[in-house]
Amino acid sequence: MSRSLSVLACCLLLAAPSASAARIGDPGSSRAAQSAAQSSWAQAEIRYVVNRGLMARTVASFRPPDPLTQRELATLVAGLTRQPAAAVANPWAPVTVAQLDARLVRAIGLAGAAKTISGGARAAGLAAPSRFGTETVARLLGLRTNHPARYDDRELLPSDPVTRAETAYSVSKI
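Read left to right, the sequence shown gives residues 22 to 195 (my numbering).
The calculated label-pair distances, taken between Cβ atoms and stated as ranges, are:
#1 Val109 with Ser82: 19 to 25 angstroms
#2 Ser180 with Val109: 15 to 21 angstroms
#3 Ala107 with Ala148: 28 to 34 angstroms
#4 Trp113 with Arg78: 17 to 23 angstroms
#5 Gln104 with Thr166: 24 to 30 angstroms
#6 Ala144 with Pro86: 38 to 44 angstroms
#7 Pro150 with Arg103: 28 to 34 angstroms
#8 Ser180 with Arg84: 17 to 23 angstroms
#9 Pro150 with Arg175: 18 to 24 angstroms
#10 Pro150 with Gly74: 31 to 37 angstroms
#11 Glu176 with Thr79: 25 to 31 angstroms
#12 Asn111 with Asp173: 28 to 34 angstroms
#13 Arg171 with Asp87: 20 to 26 angstroms
#14 Ala110 with Arg171: 35 to 41 angstroms
Hints listed in this document are in silico derivations from the structure and should not be mistaken for laboratory results.
Beta carbons: idealized from backbone N, C-alpha and C, even for Gly.
Whenever a hint applies, use it, and build me the whole structure from the sequences.
Below, the structure written as structure tokens:
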């Protein structure tokens, strides 16, 4: 149990520099791409994932408010893990926030930590939902953002389809 938590703590420390790196703009971007990115709250994160070839070919073609599809998630996870993309039963189905958290936590090797957290909650007598461990790990790593109160309409529930902008935010933190 303490090994999983140690791994989680190390990941938190390692995530700090990459979070600041995600805010650095690419001076080589075109004006059109930059203005398209500025239309989203996650503009820096979108540039970051596009520049690394993880999502979309260009910032201008990113489509921040669109829901992420199962096919896009499989391709994204393959890019992160450098593994072949997994087969997807329904490639056009939207991905929920809970599904994104679970897949990203597994992709970075912290499924064991998530299971330990869930087990600890249940052992303490809590009626934790099945997503509790992966959601907790995702939040501890900063893969989820808590939008400011004035933008509360952006806040997604675990069962809501996740947007491509939210996905870019999460991936940039990895």
